[in-house]
Amino acid sequence: MSDTTFTGYGTNPGHFEAPKEGDLRSPCPALNALSNMGYLPRDGRNITKEMMSKAVQHLFGASDKMADGLIDGAYSLDTIHDGIGVRSEHQVTQDGKEFIDLSDLNKHNRIEHDSSLSRNDAHFGDAVAVQPELVKVLLSQAADGKYLHMGELLKYRKKRYSECKAKNPEFFYSLKKHFLVTGETCFMLLLMGDGYKVPVDVIETLFLEERIPESYKKPVHPVGPVAFAAKAAEINLRALFA
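Residue numbering for the sequence shown follows the numbering used here, starting at 23 and increasing by one per position.
Incorrect hints may have been included.
Straight-line C-alpha distance at most 20 angstroms; calculated DMTMM-like pairs for lysine to aspartate or glutamate [as the list claims (entries may be wrong)]:
{"#": "1", "residue 1": "Lys-198", "residue 2": "Asp-45"}
{"#": "2", "residue 1": "Lys-129", "residue 2": "Glu-192"}
{"#": "3", "residue 1": "Lys-42", "residue 2": "Asp-65"}
{"#": "4", "residue 1": "Lys-129", "residue 2": "Asp-45"}
{"#": "5", "residue 1": "Lys-239", "residue 2": "Asp-65"}
{"#": "6", "residue 1": "Lys-76", "residue 2": "Glu-43"}
{"#": "7", "residue 1": "Lys-168", "residue 2": "Asp-123"}
{"#": "8", "residue 1": "Lys-129", "residue 2": "Asp-117"}
{"#": "9", "residue 1": "Lys-199", "residue 2": "Asp-216"}
{"#": "10", "residue 1": "Lys-239", "residue 2": "Asp-216"}
{"#": "11", "residue 1": "Lys-240", "residue 2": "Asp-223"}
{"#": "12", "residue 1": "Lys-168", "residue 2": "Asp-223"}
{"#": "13", "residue 1": "Lys-219", "residue 2": "Asp-166"}
{"#": "14", "residue 1": "Lys-219", "residue 2": "Glu-174"}
So the derived label-pair ranges between C-beta atoms look like this [what the hints assert, rightly or not]:
{"#": "15", "residue 1": "Gly-173", "residue 2": "Val-114", "range": "25 to 35 angstroms"}
{"#": "16", "residue 1": "Glu-111", "residue 2": "Lys-198", "range": "29 to 39 angstroms"}
{"#": "17", "residue 1": "Tyr-218", "residue 2": "Ser-125", "range": "30 to 40 angstroms"}
{"#": "18", "residue 1": "Arg-260", "residue 2": "Asp-117", "range": "43 to 53 angstroms"}
These are computed hints drawn from the structure, not numbers from a lab.
In this text, a Cβ means the ideal position worked out from N, Cα and C, and glycines have one as well.
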């Protein structure tokens, strides 16, 4: 279904098209979905901060400041130690705009990290392609079969961390990576759900097909930094008892 409320940076925004040979994608299902649905360039190339911020605001309901906060780190240089930046020095347009390709997010231990909910650790090979079995296990945590509740998500995050740490001799999880994972959890709960639970069908479609299901409804009001910070604090507190 086309989305006439957003001009988009790809053809026919709102309409799902699977990536073609040569198109670039990342380990992040949400960003891949934005390209697959034409809110970002469908080839996954030359994406500026403005493009990504506007797409995240429009489709997922983040405020302008929140969207900028979510993506700013990725646009910092990839030379910063233990950072999350993936941009190379040459990735600047002639008019001074920084840009990245979705495949830049594949750089290990930047945005891509160990103990992903849907990807293998890089030590074991491909850390970019979704692993359906991991997603199946994630969805099975939903006791009622309809919603993945915060407690269930946090408990599984903890389990996944322990499993990867035990099996991966190169396992890496710094404080910065913890903040990144907390942000991912906030994104799921606040922008894909109601703050406390996420519909199973939304997770399943986003993670496995990398598209946004028609059943998805973005937040009624834009979600800003204050709500994200409060949710992050709640997540870290509840994780102690998960």
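Structure-based check of each hint:
no.: 1; hint: Lys-198 with Asp-45; in the structure: violated (30 angstroms)
no.: 2; hint: Lys-129 with Glu-192; in the structure: holds (15 angstroms)
no.: 3; hint: Lys-42 with Asp-65; in the structure: holds (8 angstroms)
no.: 4; hint: Lys-129 with Asp-45; in the structure: holds (17 angstroms)
no.: 5; hint: Lys-239 with Asp-65; in the structure: violated (26 angstroms)
no.: 6; hint: Lys-76 with Glu-43; in the structure: violated (26 angstroms)
no.: 7; hint: Lys-168 with Asp-123; in the structure: violated (35 angstroms)
no.: 8; hint: Lys-129 with Asp-117; in the structure: violated (26 angstroms)
no.: 9; hint: Lys-199 with Asp-216; in the structure: violated (25 angstroms)
no.: 10; hint: Lys-239 with Asp-216; in the structure: holds (10 angstroms)
no.: 11; hint: Lys-240 with Asp-223; in the structure: holds (14 angstroms)
no.: 12; hint: Lys-168 with Asp-223; in the structure: holds (7 angstroms)
no.: 13; hint: Lys-219 with Asp-166; in the structure: holds (11 angstroms)
no.: 14; hint: Lys-219 with Glu-174; in the structure: holds (9 angstroms)
no.: 15; hint: Gly-173 with Val-114: 25 to 35 angstroms; in the structure: violated (44 angstroms)
no.: 16; hint: Glu-111 with Lys-198: 29 to 39 angstroms; in the structure: violated (21 angstroms)
no.: 17; hint: Tyr-218 with Ser-125: 30 to 40 angstroms; in the structure: holds (34 angstroms)
no.: 18; hint: Arg-260 with Asp-117: 43 to 53 angstroms; in the structure: holds (45 angstroms)
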